[in-house]
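There are 2 protein chains.
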Amino acid sequence: MQTLNLDLGDRSYPIYIGQGLLQQPELLTEHIRGKTSVTVSNETVAPLYLGSLQPALKAYKHSAVILPDGEAHKNLETLNQIYTHLLEAKADRKTTLIALGGGVVGDMTGFAAASYQRGVNFIQVPTTLLAMVDSSVGGKTGVNHALGKNMIGAFHQPQAVIIDTDTLNTLADRELSAGLAEVIKYGLIRDPQFLTWLDANMDALLARDPDTLTYAIYRSCQHKAEVVAADERESGQRALLNLGHTFGHAIEAAMGYGQWLHGEAVATGMVIAAELSAQMGWLAADDVNYIRRLLARARLPVDPPSDMTGEDFMRYMSVDKKVLDGSLRLILMKAVGESIVTADFDADALKRVLRREL
Amino acid sequence: MQTLNLDLGDRSYPIYIGQGLLQQPELLTEHIRGKTSVTVSNETVAPLYLGSLQPALKAYKHSAVILPDGEAHKNLETLNQIYTHLLEAKADRKTTLIALGGGVVGDMTGFAAASYQRGVNFIQVPTTLLAMVDSSVGGKTGVNHALGKNMIGAFHQPQAVIIDTDTLNTLADRELSAGLAEVIKYGLIRDPQFLTWLDANMDALLARDPDTLTYAIYRSCQHKAEVVAADERESGQRALLNLGHTFGHAIEAAMGYGQWLHGEAVATGMVIAAELSAQMGWLAADDVNYIRRLLARARLPVDPPSDMTGEDFMRYMSVDKKVLDGSLRLILMKAVGESIVTADFDADALKRVLRREL
Numbered sequence: 002m003q004t005l006n007l008d009l010g011d012r013s014y015p016i017y018i019g020q021g022l023l024q025q026p027e028l029l030t031e032h033i034r035g036k037t038s039v040t041v042s043n044e045t046v047a048p049l050y051l052g053s054l055q056p057a058l059k060a061y062k063h064s065a066v067i068l069p070d071g072e073a074h075k076n077l078e079t080l081n082q083i084y085t086h087l088l089e090a091k092a093d094r095k096t097t098l099i100a101l102g103g104g105v106v107g108d109m110t111g112f113a114a115a116s117y118q119r120g121v122n123f124i125q126v127p128t129t130l131l132a133m134v135d136s137s138v139g140g141k142t143g144v145n146h147a148l149g150k151n152m153i154g155a156f157h158q159p160q161a162v163i164i165d166t167d168t169l170n171t172l173a174d175r176e177l178s179a180g181l182a183e184v185i186k187y188g189l190i191r192d193p194q195f196l197t198w199l200d201a202n203m204d205a206l207l208a209r210d211p212d213t214l215t216y217a218i219y220r221s222c223q224h225k226a227e228v229v230a231a232d233e234r235e236s237g238q239r240a241l242l243n244l245g246h247t248f249g250h251a252i253e254a255a256m257g258y259g260q261w262l263h264g265e266a267v268a269t270g271m272v273i274a275a276e277l278s279a280q281m282g283w284l285a286a287d288d289v290n291y292i293r294r295l296l297a298r299a300r301l302p303v304d305p306p307s308d309m310t311g312e313d314f315m316r317y318m319s320v321d322k323k324v325l326d327g328s329l330r331l332i333l334m335k336a337v338g339e340s341i342v343t344a345d346f347d348a349d350a351l352k353r354v355l356r357r358e359l
Numbered sequence: 002m003q004t005l006n007l008d009l010g011d012r013s014y015p016i017y018i019g020q021g022l023l024q025q026p027e028l029l030t031e032h033i034r035g036k037t038s039v040t041v042s043n044e045t046v047a048p049l050y051l052g053s054l055q056p057a058l059k060a061y062k063h064s065a066v067i068l069p070d071g072e073a074h075k076n077l078e079t080l081n082q083i084y085t086h087l088l089e090a091k092a093d094r095k096t097t098l099i100a101l102g103g104g105v106v107g108d109m110t111g112f113a114a115a116s117y118q119r120g121v122n123f124i125q126v127p128t129t130l131l132a133m134v135d136s137s138v139g140g141k142t143g144v145n146h147a148l149g150k151n152m153i154g155a156f157h158q159p160q161a162v163i164i165d166t167d168t169l170n171t172l173a174d175r176e177l178s179a180g181l182a183e184v185i186k187y188g189l190i191r192d193p194q195f196l197t198w199l200d201a202n203m204d205a206l207l208a209r210d211p212d213t214l215t216y217a218i219y220r221s222c223q224h225k226a227e228v229v230a231a232d233e234r235e236s237g238q239r240a241l242l243n244l245g246h247t248f249g250h251a252i253e254a255a256m257g258y259g260q261w262l263h264g265e266a267v268a269t270g271m272v273i274a275a276e277l278s279a280q281m282g283w284l285a286a287d288d289v290n291y292i293r294r295l296l297a298r299a300r301l302p303v304d305p306p307s308d309m310t311g312e313d314f315m316r317y318m319s320v321d322k323k324v325l326d327g328s329l330r331l332i333l334m335k336a337v338g339e340s341i342v343t344a345d346f347d348a349d350a351l352k353r354v355l356r357r358e359l
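Keeping their order, the protein sequence lines are chains A and B. For the first sequence, our numbering begins at 2 and goes up steadily by one. For the second sequence, our numbering begins at 2 and goes up steadily by one.
Hints may be right or wrong, so weigh each one.
If several chains are the same, the list does not tell them apart, and a pair holds so long as it fits within one copy or across any two.
[Claimed, not checked] Think about it this way: if two alpha-carbon atoms lie no more than 25 Å apart in a straight line, the pair counts; the simulated DMTMM-like pairs of lysine to aspartate or glutamate are:
| no. | residue 1 | residue 2 |
| --- | --- | --- |
| 1 | 91 | 313 |
| 2 | 91 | 312 |
| 3 | 352 | 204 |
| 4 | 352 | 227 |
| 5 | 91 | 347 |
| 6 | 91 | 78 |
| 7 | 335 | 358 |
| 8 | 91 | 345 |
| 9 | 95 | 232 |
Calculated directly from the structure, the hints in this document are not laboratory data.
Make the full structure from the sequences, and use the hints.
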């Protein structure tokens with residue numbers, strides 16, 4: 002097992018990464034404060050892994066909420082199911098929630114923990130690659146609104162993140178690829194050597210070689226932890242972690258949540274960011290092709306939905322959280338492996354890229 | 002105008018109290034950071050006072066959300082109306098919300114501000130006595146769940162509280178009395194001299210004498226600011242501010258939100274707390290009668306609903322936020338003007354009091 006620490010003063014917490022961690026009850030129990038614990042999972046993950054947590058939880062008053070699976074259910078209505086369960090279970094302010102599942106379960110459980118009785122503790126137990134390398138670390142929680150993704154939420158840090166890489170054995174291929182999009186993202190933001198490593202090891206990653214996957218997860222979490230520790234509330238460099246997300250969120254919202262997986266939309270969003278960066282003269286055509294090829298090798302989509310117009314993009318992007326006082330900020334690439342946040346881009350170039358007039 | 006400061010380090014903020022403050026645009030504009038501002042009000046208050054804010058807000062991209070009036074609407078569904086408006090208005094992370102109304106508007110606007118795009122600024126402009134002396138100060142925000150009051154929420158401090166006492170001129174008598182319950186509460190918790198003053202000035206308060214009301218508001222806000230500054234997150238003495246609330250919340254929930262006003266339920270709850278304190282031997286029968294008489298003089302109910310059983314109370318109280326690890330903590334009175342938080346009370350005495358077997 003490897004352990005990283007996310008350093009946030011008195012809200013610091015460990016990230017455990019390794020095989021068979023669900024079989025180590027003390028990793029969980031060490032971080033449960035009160036006498037009551039409620040696990041939130043979904044109908045896909047619960048039958049596979051909820052039982053593994055039982056030995057750890059038998060000393061607590063414990064129950065589980067099983068949500069429907071998928072991004073389409075990441076909304077206030079499903080969140081209310083969690084609140085109702087907590088109230089029926091008479092969960093108090095010392096209750097610890099456990100998020101067992103992917104990013105949707107983690108984000109909703111985290112926001113339920115942030116807002117139930119004005120805040121209770123929670124532990125992240127991610128079971129998808131995307132949740133392991135990105136959403137379970139850093140304290141961003143929330144739900145979607147019909148008019149925009151993650152528009153309702155809170156910063157609320159977990160007590161611990163427990164990453165059992167064995168759970169990846171049951172992950173669908175499409176979900177594995179979606180997670181790889183966020184892994185590749187760290188390379189594109191701040192680590193060209195990691196990109197080279199990913200390029201060299203893509204076949205092993207897709208074949209789910211345990212050591213290769215563990216290294217990719219460890220390195221990704223290390224990047225995430227460094228960035229979040231430096232800028233928890235996203236007043237600066239944390240925004241870089243949204244590379245591809247402004248475009249990706251527009252795709253997700255326009256297509257209907259759950260049609261495109263988040264990682265798939267981000268992959269295409271990163272290609273769009275690369276294309277605009279090339280229009281700005283920062284990337285060469287070869288750089289864009291390298292990025293497209295790497296994402297495609299990870300079996301990710303690299304072109305926007307054919308029925309989505311440039312105007313569709315602009316409409317959904319206008320409510321993006323990176324709009325400040327009406328001006329859109331984008332994450333673009335100065336070089337392969339070096340991204341920046343900027344409001345200083347050519348608006349006409351953006352329109353050309355979104356209209357696919359390249 | 003008088004100004005108090007709630008001292009919370011870099012989250013400190015001023016509380017302005019006086020007549021005609023809605024006609025002083027700079028009090029608002031000083032605390033609006035971005036270019037967009039959204040006022041949340043309700044259908045009773047908006048026709049009376051929304052216009053007064055217009056001169057202050059004309060320099061901003063400004064719009065208003067008008068909610069239905071009443072505690073019955075303090076829920077996730079109404080909250081979602083605020084989110085929808087914010088997204089349609091393309092409100093960004095620098096948007097400032099303005100809560101113009103009573104406690105329901107303030108609590109919901111505050112929680113919308115806490116959770117919209119993971120947190121934006123807001124300003125409290127309370128227009129009821131209860132909101133002025135209690136709910137607008139201290140950063141408790143949230144909505145009700147069908148199974149319990151204020152069960153969903155966040156701590157989120159406003160940028161400023163602007164109390165224009167002129168707005169009390171349009172307040173219904175019943176709402177004025179409900180506010181007086183929370184004013185009397187401060188006396189019962191920590192200020193016996195203030196109780197004596199309230200007793201001596203009750204007629205002037207009910208006659209809405211401006212100077213008398215202003216002093217009552219100032220003194221109440223001073224108590225609230227002191228307690229919150231010492232214990233923002235309610236790990237200790239802030240819980241005292243919930244005197245009468247555990248019983249009161251049970252009444253509100255059992256009768257259906259909005260049937261009993263919050264202040265009315267708290268008044269009766271404080272009588273129940275006094276009765277239990279007498280059962281514990283801490284108060285004399287005369288003390289309980291003094292408290293009943295003072296509240297009754299403020300035209301507040303001092304007996305629980307006749308159709309509410311002791312079992313009804315216990316059921317609703319079992320999910321109260323002051324339950325910790327299954328044991329109920331209550332705020333009781335060691336003397337008139339001195340309250341304590343305790344889990345160390347006689348459970349049989351509690352049952353006798355709730356069953357009205359006195």
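Each hint, compared with the structure:
For a Cα distance limit of 25 Å, the shortest separation of residue 91 from residue 313 across copies, 16 Å, qualifies, whereas the shortest one inside one copy, 45 Å, does not. For the identical chains of this complex, residue 91 and residue 312 are inter-copy neighbours only, at 16 Å across copies versus 48 Å inside a copy, given an alpha-carbon limit of 25 Å. Proximity of residue 352 and residue 204 under a CA criterion of 25 Å is satisfied in neither setting, with 36 Å inside one chain copy and 68 Å between copies. In the homo-oligomer, the alpha carbons of residue 352 and residue 227 never lie at most 25 Å apart, since the shortest distance is 34 Å inside one protomer and 54 Å across protomers.
Taking the closest pair of Cα atoms, residue 91 and residue 347 come within 25 Å of each other only across two copies (22 Å); inside a single copy the shortest separation is 55 Å, beyond that limit. Taking the shortest alpha-carbon separations for residue 91 and residue 78, both the intra-copy value of 20 Å and the inter-copy value of 23 Å come in at or below 25 Å. For a Cα distance limit of 25 Å, the shortest separation of residue 335 from residue 358 inside one copy, 22 Å, qualifies, whereas the shortest one across copies, 77 Å, does not. Proximity of residue 91 and residue 345 under a CA criterion of 25 Å is satisfied inter-copy only: 21 Å between copies versus 52 Å inside one chain copy.
Proximity of residue 95 and residue 232 under a CA criterion of 25 Å is satisfied inter-copy only: 18 Å between copies versus 28 Å inside one chain copy.
Hint check: violations occur at hints 3 and 4; the rest are consistent with the structure.
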